[in-house]
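Novice: Fit chain H with the ligand to the known structure of chain F by using the hints.
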Amino acid sequence: MAAKNLPPVWNKMAKHAMLPETTHDERARYNFLASLNKHLAHVSQGNQMAFDKRVEPDFKKDHGRGFTTREEVKEAMKKDPHYQAWSALRRCTMEMRQQAGRSLVLRQAEDLKEKAESLNKGKKTLILDKECQPPPYLLAVDNHLMPGSYHTEVIEGDVSAAANYDSGVFVTTAGLLGKFNDGGGKAISHWMKTTHSEFKPKRILDIGCGMGHNVLPIAMAYPEAEIIAIDTGAPMLRYGHARAMDLGIKNVTFMQVEASQTPFEDESFDWIQTTMFLHETGGKSIYKIMEEIYRMLKPGGITLHIEQPQYTDEMSLFEQFIRDWDAYYNSEPFWSKMHDIMPDELMTKSGFNKEDFMQIGVKAINDLDDGKTKADEPEDHGRSPVWNVFGAWKH
Amino acid sequence: MQNSSVDYIKLASNKAKGKRPYFFEDPAVERVLNITMAIAGELAVARERIDTLERLLEKKGIVSREEIEHYVPDSAIIEEERQLWHSEYISRVLRIIQQEMEELQNPDKTVEEIAEDINKM
Ligand SMILES: C[S@@+](CC[C@H](N)C(=O)[O-])C[C@H]1O[C@@H](n2cnc3c(N)ncnc32)[C@H](O)[C@@H]1O
Chain F
1 MAAKNLPPVW
11 NKMAKHAMLP
21 ETTHDERARY
31 NFLASLNKHL
41 AHVSQGNQMA
51 FDKRVEPDFK
61 KDHGRGFTTR
71 EEVKEAMKKD
81 PHYQAWSALR
91 RCTMEMRQQA
101 GRSLVLRQAE
111 DLKEKAESLN
121 KGKKTLILDK
131 ECQPPPYLLA
141 VDNHLMPGSY
151 HTEVIEGDVS
161 AAANYDSGVF
171 VTTAGLLGKF
181 NDGGGKAISH
191 WMKTTHSEFK
201 PKRILDIGCG
211 MGHNVLPIAM
221 AYPEAEIIAI
231 DTGAPMLRYG
241 HARAMDLGIK
251 NVTFMQVEAS
261 QTPFEDESFD
271 WIQTTMFLHE
281 TGGKSIYKIM
291 EEIYRMLKPG
301 GITLHIEQPQ
311 YTDEMSLFEQ
321 FIRDWDAYYN
331 SEPFWSKMHD
341 IMPDELMTKS
351 GFNKEDFMQI
361 GVKAINDLDD
371 GKTKADEPED
381 HGRSPVWNVF
391 GAWKH
Chain H
1 MQNSSVDYIK
11 LASNKAKGKR
21 PYFFEDPAVE
31 RVLNITMAIA
41 GELAVARERI
51 DTLERLLEKK
61 GIVSREEIEH
71 YVPDSAIIEE
81 ERQLWHSEYI
91 SRVLRIIQQE
101 MEELQNPDKT
111 VEEIAEDINK
121 M
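These protein sequence lines map, in sequence, to chains F and H. Anchor point for the first sequence: position 161 equals 161 in our numbering, and the numbering is continuous, going up by one each time. Anchor point for the second sequence: position 77 equals 77 in our numbering, and the numbering is continuous, going up by one each time.
There could be a bad hint or two in this list.
As the list claims (entries may be wrong) - Only some residues are given here: those of chain F computed to face chain H with a beta carbon under 7 Å:
(1) F32
(2) S87
(3) C92
(4) R102
(5) D142
(6) S331
Everything labelled a hint here was simulated from the structure, so no lab data went into it. Don't be surprised by glycine CBs; every beta carbon is placed ideally from N, CA and C.
So here's chain H without its partners, still in its complex pose:
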């Protein structure tokens, strides 16, 4: 169903004509908000899919939604797998904070400065 002739991924996110308005004093805030809302949307999309799965599973008598609601991990391995997932997920989402701390600990030159350095290397 995918048509290779149209670069639909890029085209889908095209900008409309007309300078984009920014409502907050700092445009960076607006940028973050837009990215966050896109993620909020994708979370809702994933949530709707899970809901479909749960309903289908229940309809086919495989597991009931009641069972899902009351499920808790029943082995140390599963407990660990799930907590590991959270840990990785949070680290992914808060990447920029981690990087700022790394920078704090280990101040870096700018790449422009590095370029000058390299030019002499």
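Bound conformation, chain F alone:
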């Protein structure tokens, strides 16, 4: 365990007016949790060892055959003591991260609300709608164990859900998304600028923008474009808009709109983006949303979706099983189910042509990376900033 890559300290996060204030202990708590996350990625290697050395051989002995599904692997691994210990620790770490974030954010909920109000006051680029309801799948579970999900308001005008999310992503991802947590948005706008320099989108829609981490790099890359960022969570939008104002990014309108039924006209966007969004939807909604995207997209326009790597036949059952961990135990239930949907089928069912479907891999652009050669790290499945992007041009 000598040359471990240490996670950056929390105070490396870029400061902006909405970032909650932190005490020494609160920062230290985040530093501890980021290190614990990194450490558990090493502990996770024991899962593969346990699988190879005892779980799979025992299964073969008992059944006279190997595993055939990731569910079978899950049932067998559940009984393994190493897997139990790792799982219990990982679950515990995720709960501790939420506790740490909420305790620091909720104590200053009123102050944060006031900060957001003063940055948002009189601005036409924040449009909230009291009638807008979160979709049923968001009410069924608190994704990634975030109590109250994205929409719950502890006080009127609350922004605490977003402040918790913003201050803590850095911890779960051990800083690999950069100091603004925007490595995904940076990567996709960089890809677009370099591979399609001729593409000049005038109107861009970001669906499930959350607090806007990943839409701001797109807005900065296309300063002439009008960007609309939608979400059902009012706390996310208030915080996201205030944060954008403070960072001086003015071409994004944050709107409280549900994605499967939007007020936007047919063929009114050049680019429709989602980032880490589709795996937090539902089995029917994902199709409705994709149909809505097709409807709103201009001919010649593009839609792109940044997601976790797809499970393929080449991916071992063990890897599929370990990637599924977050689905069940970090409460991302659709994450696993979504893997049974083929992205190209999802797109063609919604109206796109099969030959216009595309798939690329992107890696987060991390401005915290100092460029020094690092020791090899085991992959922290489901947490690494390496994504699958799929999408299509509309013709």
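Specialist: Leaving out everything else, chain H with the ligand in the frame of chain F:
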């Protein structure tokens, strides 16, 4: 900075929706692990604060970290104060073991039984 309208201490530890999974056969083990990890975290937090203090003291030329590293108690009183602290600390952490021994020595009725008794008193 503290907002009285929000019960942040309680809310901070809220549970997320969805039945909590337990990975060990005995959920009690999981419970103990979670509490232990929370304490481990707080120890790390305290350790980071001490590190800050030591660095600030050194920067301001008050004491060097070298001095701290080589410090040993230089009077019987200090020796005793420090050992007393350890003793109290350990007793606090291992409370449940002590209580189990007390119970062993002095078997108790359950409070349900006591309630029945009291009802007749
Ligand atoms: C994991 S967050 C992604 C945040 C953001 N795209 C990013 O990259 O940081 C998913 C967001 O999608 C929103 N969301 C989920 N379903 C939605 C729907 N049907 N309509 C609008 N927003 C939705 C949630 O409220 C949440 O803020």
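Novice: All hints, please: hold or fail.
Specialist: Here's how the hints hold up against the structure:
| no. | hint | result |
| --- | --- | --- |
| 1 | F32 | holds, 4 Å |
| 2 | S87 | holds, 4 Å |
| 3 | C92 | holds, 5 Å |
| 4 | R102 | holds, 4 Å |
| 5 | D142 | holds, 4 Å |
| 6 | S331 | holds, 5 Å |
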